[in-house]
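Participant: Assemble the whole structure, with the sequences as input and the hints as a guide.
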Amino acid sequence: MDFPTPGARTVKIIIGSLAATALIAGMTHAPSSRSAVSARLNDASSPTNRWTVAWGAGVQGPVRGDDSEPNWSDRGFSDQSVRQVVRVGTGGSQARIRLTNAYGTKPLRVAGVTVARSAGGALAWPKTITRVTFGRSAKAVVPPGRELVSDAIPLTTSPLERLAITMRFTEPTGPATFHRFALTDSFRAPGDRLTDNGKDTFKESTGSWYYLAGVEVAGRTAGQGTVVVFGDSLVDGVGATADADARFPDDLQERLTAARSPLGVVNAGIGTNKLLHDSTCGGEKGLSRFKRDALDRPGVHSVIVHLGANDIGAPQIDDPCVRPNPKVTAQQLIDGHRKLIRAAHARGVKAIGMTILPMKGALFPIWSPEGEKTRQAVNLWIRTSHEYDAVIDADRVMSSPADREQPRPGYVFMDGLHPNDAGYQAIAAAIDPRTL
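According to the UniProt record's numbering, the sequence shown is numbered sequentially starting from 1.
Keep in mind the hints are simulated off the structure, nothing from the lab. Quick caveat, the model's predicted, so the values are computed rather than measured. Hints are not guaranteed to be accurate.
So the derived label-pair ranges between C-beta atoms look like this [to be verified]:
(1) Pro365 to Asp79: 54 to 62 Å
(2) Pro190 to Ala402: 17 to 25 Å
(3) Ala402 to Gly121: 22 to 30 Å
(4) Gln224 to Lys291: 20 to 28 Å
(5) Gln224 to Arg342: 49 to 57 Å
(6) Pro433 to Gly348: 17 to 25 Å
We put the beta carbon where it would ideally sit given N, CA and C, even for glycine.
Facilitator: As structure tokens, this is what we get:
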């Protein structure tokens, strides 16, 4: 079953017997090489207080589910150029790119990287195309399980501007670390297209990001800190219009930008992600990826957490995409959230909890009376325990006044579970910027 997203491509959102696509929702210096230089791993040699994350994504290992678009993660790339488009939340006079090989089994060799202002689709403004270096080398090697930060490049960016980042691969990469549900087109073409403006060259496209973990900015005009939104498909934006930056973290960034706030908002959501267990399509559990995808980012002030819906809903679904899917208790989920809170506080980062949205009425069998009791118990703890430093009551925003177990009419996507654009805007509007 395909659910068309208005004004964009078709987004397949199916779970259970229909196969889930994106639902319900450490690191030291790298060795150098003769042919390429691995610059900095996890920002080891740079102070974090001068950089703000202007864009970022949670990543997972290669997986092929029941995708409605091409999935390049299982084979990776060879003698190809890949152009990926991202929107930066904050601007600056310098930028750097963070590559990831988090789930690679061999070194990732990148023959070159460029960044430019996007001219829409695969197009880049030619005069803005800038080569990215890594330890002053155009080439880069990212060891398996690691990330790599580029040198700072002189690139002036503005808040809410789109950038086109192009990577060149000359030898087989093998299966790729990626972000599966990007809601933004990425493109590839044979050969070296690093400095190509993109017209008539990038013939293939997909809706995922590959080997790309972040864009960071610095300079007098840069932001002064990062808010990470960490979670599942609610954070990832399932149900939002594609190619429109309409996820609630996008809406939150727009609110902050309009208010001249210096904060950048980073989306670290992964569709189908669970708090307590890894899964085939949801990747590494939230407890395991929290440090890498949230706390290790430079300049993090606060983290917003929405996790637990997939842990609650998956036991009703017999599908390889969400396995393992054991039943979980409210106390197990609360204990998991407490681990995230302690980890954030140990870094001096503010932890903000978000209540779990209503799940009854979805088009796939994720709801059960037992699961609803678990959801209500976890939400009560989030609201009243005061263990999180602040609370965003997304459940209250999204639940129907007539039946608090079901989504509010007008705010829900056609799958009966996820918010639509209006729902995501309402969630963002409910966030007090002072809590960030």
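Participant: Does each hint hold? Answer for all of them.
Facilitator: A quick look at each hint next to the structure:
Between Pro365 and Asp79, the C-beta spacing of about 45 Å breaks the proposed range 54 to 62 Å. Between Pro190 and Ala402 the beta carbon distance is about 56 Å. The supplied range of 17 to 25 Å is therefore violated. Taking the beta carbon of each, Ala402 and Gly121 are about 43 Å apart, not inside 22 to 30 Å as hinted. Separated by about 23 Å at the C-beta atoms, Gln224 and Lys291 satisfy the suggested range of 20 to 28 Å.
In this structure the hint that Gln224 and Arg342 lie 49 to 57 Å apart at CB is violated, the actual value being about 26 Å. Separation of Pro433 from Gly348 is about 20 Å and conforms to the stated range, judged on CB atoms against 17 to 25 Å.
Consistency with the previously given hints fails for numbers 1, 2, 3 and 5, ordered from lowest to highest.
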